[in-house]
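Engineer: The residues making up each chain are set out below.
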Amino acid sequence: MRGSFRDFEHLIRLAGIFVAGLLLFAVARAEFVPDDFGKYGHYRAGAIADVAARPMAYAGRARCTECHEDEVNEAAPAKHKVISCETCHGALLKHADDPAVDVPKADGQALCLRCHAANTGKPTHQPTIVAKEHSDEDSCVSCHKPHDPRMDQE
Amino acid sequence: METTRRDFLMVGTKLLVMTAATAAAFEHVVAGTPEAVTTYSTAEHWWAMLIDIEKCIGGGHCVRACKTENGVLDEPMYFRTWVERYHVNMSDPDHPIVDSPDGGINGFTEKYADGDGKTFFVPKLCNHCADSPCTQVCPVGATFRTNDGVVLIDKDYCVGCRYCVQACPYGCRYLDPRTHTADKCTLCYHRLTKGLVPACVEVCPTGARQIADLKNPNDPAHEFLRTHKIQVLKPQMATGAKVYYNGLDGAVR
Numbered sequence: 001m002r003g004s005f006r007d008f009e010h011l012i013r014l015a016g017i018f019v020a021g022l023l024l025f026a027v028a029r030a031e032f033v034p035d036d037f038g039k040y041g042h043y044r045a046g047a048i049a050d051v052a053a054r055p056m057a058y059a060g061r062a063r064c065t066e067c068h069e070d071e072v073n074e075a076a077p078a079k080h081k082v083i084s085c086e087t088c089h090g091a092l093l094k095h096a097d098d099p100a101v102d103v104p105k106a107d108g109q110a111l112c113l114r115c116h117a118a119n120t121g122k123p124t125h126q127p128t129i130v131a132k133e134h135s136d137e138d139s140c141v142s143c144h145k146p147h148d149p150r151m152d153q154e
Numbered sequence: 155m156e157t158t159r160r161d162f163l164m165v166g167t168k169l170l171v172m173t174a175a176t177a178a179a180f181e182h183v184v185a186g187t188p189e190a191v192t193t194y195s196t197a198e199h200w201w202a203m204l205i206d207i208e209k210c211i212g213g214g215h216c217v218r219a220c221k222t223e224n225g226v227l228d229e230p231m232y233f234r235t236w237v238e239r240y241h242v243n244m245s246d247p248d249h250p251i252v253d254s255p256d257g258g259i260n261g262f263t264e265k266y267a268d269g270d271g272k273t274f275f276v277p278k279l280c281n282h283c284a285d286s287p288c289t290q291v292c293p294v295g296a297t298f299r300t301n302d303g304v305v306l307i308d309k310d311y312c313v314g315c316r317y318c319v320q321a322c323p324y325g326c327r328y329l330d331p332r333t334h335t336a337d338k339c340t341l342c343y344h345r346l347t348k349g350l351v352p353a354c355v356e357v358c359p360t361g362a363r364q365i366a367d368l369k370n371p372n373d374p375a376h377e378f379l380r381t382h383k384i385q386v387l388k389p390q391m392a393t394g395a396k397v398y399y400n401g402l403d404g405a406v407r
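Which chain is which? The protein sequence lines are A and B, in order.
For the first sequence, the positions run 1 to 154 when my numbering is used.
For the second sequence, the positions run 155 to 407 when my numbering is used.
Hints are computed from structural coordinates only; laboratory data are not their basis.
Check before you lean on any hint, since a few could be wrong.
[Stated by the list, open to error] To give an idea of the interface, some chain B residues facing chain A are shown, with a C-beta separation under 10 Å as derived from the structure:
(1) 167
(2) 194
(3) 210
(4) 213
(5) 225
(6) 227
(7) 260
(8) 266
(9) 273
(10) 308
(11) 343
(12) 358
(13) 374
[To be verified] Cβ pair distances, simulated, as ranges:
(14) 248/B x 118/A: 25 to 35 Å
(15) 159/B x 54/A: 18 to 28 Å
(16) 79/A x 382/B: 41 to 51 Å
(17) 385/B x 26/A: 15 to 25 Å
C-beta: ideal position from N, C-alpha, C; glycine also.
Start from the sequences, fold in the hints, and give me the full structure.
Structural biologist: Shown next as structure tokens:
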């Protein structure tokens, strides 16, 4: 009987080490895994707020309209009315937050041709030109006003 | 001697259990209440994107706006959205010629003659799949689909193993060399949660890209989806892709 009891003793020691290891794991896990991990799924719930906290660059058309109603009205009768201000003028949230921030000049002809240069890939309803034939590569704005580019205005 | 050792082990075990329990409880106490809930609720939205290929003129405004808004690296090959040009020669429609010079960021120069097959532009971005393979392969829980249907990346958790880059059937992910973490389109989540549209949608001059909240019954997207022939990319992959294309040619991969 004594012999069998000695055999049992080393198992207790082993179990002790095993339990200690499990506890160490539990403590380490409580320490290192954030509380919000697993709140919605197998990820850190706080990561959603981290992504949402990114600063913006584009103000959005509504912000532009707050101050620049004249320009919006100018474009209203023309096809360009559907285009957001920042499509041509660039990202301007900094300007919207502080009007003193300069607005860079829109890049004239290159900008027009990005949409209006003839290209077989463009849908047929898109108005396009070949600059050389259309105006001998003269500046677009010498004839067209960018906000209301129609020729039959006034 | 033997009983003493057993007692020692018993007492030691009890102490350890109590310490662990106390530590766990203390964690919850110091964590306090979760941060205040904003007016945006993930349960009220289900985001998707509509792309009308018949309206896309390949100007690359979306590519530029995306890079500006999200601070994406300027170098080609780092894109959260890009535009591809497909040219399908009718004598060999199964092998379209696809090009995307610098992701289409500066538009496309004329390359094909009129009448020589068909040519069209296909804007691409993360499909924000409902059952995304990329989130399933992440070994550390660093990428996930939110309850409002946007696939995001936790930059703090990403270990840069690139499994997700390989898992995405649409090639929408890349490894950002600045942070050595995976990166991709967030559907401008930082704008959506503030009631604004993604930067690419904001600047698209022809309205070829539209954001859609499918849980909002008043969203015009429902009308668009109902009245157009809609397709997603690689439907056979059963990813639950949520970028819905109108006028998508069978040649598009």
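Engineer: All the hints need checking, so say for each whether the structure fits it.
Structural biologist: Taking the hints in turn, this is what the structure says about them:
Hint status for residue 167/B: holds, given a least beta-carbon distance of 6 Å to chain A, under 10 Å. A cut of 10 Å between beta carbons decides the hint on residue 194/B: the least distance to chain A is about 8 Å, and the hint holds. For residue 210/B, the shortest C-beta to C-beta distance to chain A is roughly 8 Å, which falls under 10 Å, so the interface hint holds. For the restraint placing residue 213/B at the interface with chain A, the shortest Cβ-Cβ distance is roughly 5 Å, inside the 10 Å limit, so the hint holds.
At a threshold of 10 Å, the smallest CB-CB gap from residue 225/B to chain A is about 8 Å, leaving the interface hint in force. With its C-beta approaching chain A no nearer than about 15 Å, residue 227/B sits outside the 10 Å limit, and its interface hint is violated. With 10 Å as the threshold, the beta carbon of residue 260/B comes within range of chain A, its nearest partner Cβ sitting at about 8 Å, so the hint holds. Nearest Cβ of chain A to the Cβ of residue 266/B: about 5 Å, under the 10 Å cut. The hint holds.
With a cut of 10 Å, the hint placing residue 273/B at the interface with chain A holds, because the nearest CB-to-CB distance is about 4 Å. Restraint check, residue 308/B versus chain A: the minimum CB separation of about 4 Å is within 10 Å; hint holds. The restraint placing residue 343/B at the interface with chain A holds, with a minimum CB-CB distance near 5 Å, inside the 10 Å limit. Contact between residue 358/B and chain A, as hinted, is supported at the beta carbon level, the nearest pair being about 8 Å apart and thus within 10 Å.
Taking 10 Å as the C-beta contact cut-off toward chain A, the hint placing residue 374/B at the interface is violated, the least distance being around 14 Å. For residue 248/B paired with residue 118/A, a C-beta distance near 29 Å keeps the hint of 25 to 35 Å intact. Distance hint check for residue 159/B and residue 54/A: the Cβ-Cβ separation is about 59 Å, which falls outside the suggested range of 18 to 28 Å. Between residue 79/A and residue 382/B the C-beta distance comes to about 22 Å, which lies outside the given range of 41 to 51 Å.
Between residue 385/B and residue 26/A the beta carbon distance is about 50 Å. The supplied range of 15 to 25 Å is therefore violated.
When the structure is compared with the earlier hints, violations turn up for hints 6, 13, 15, 16, 17 and for no others.
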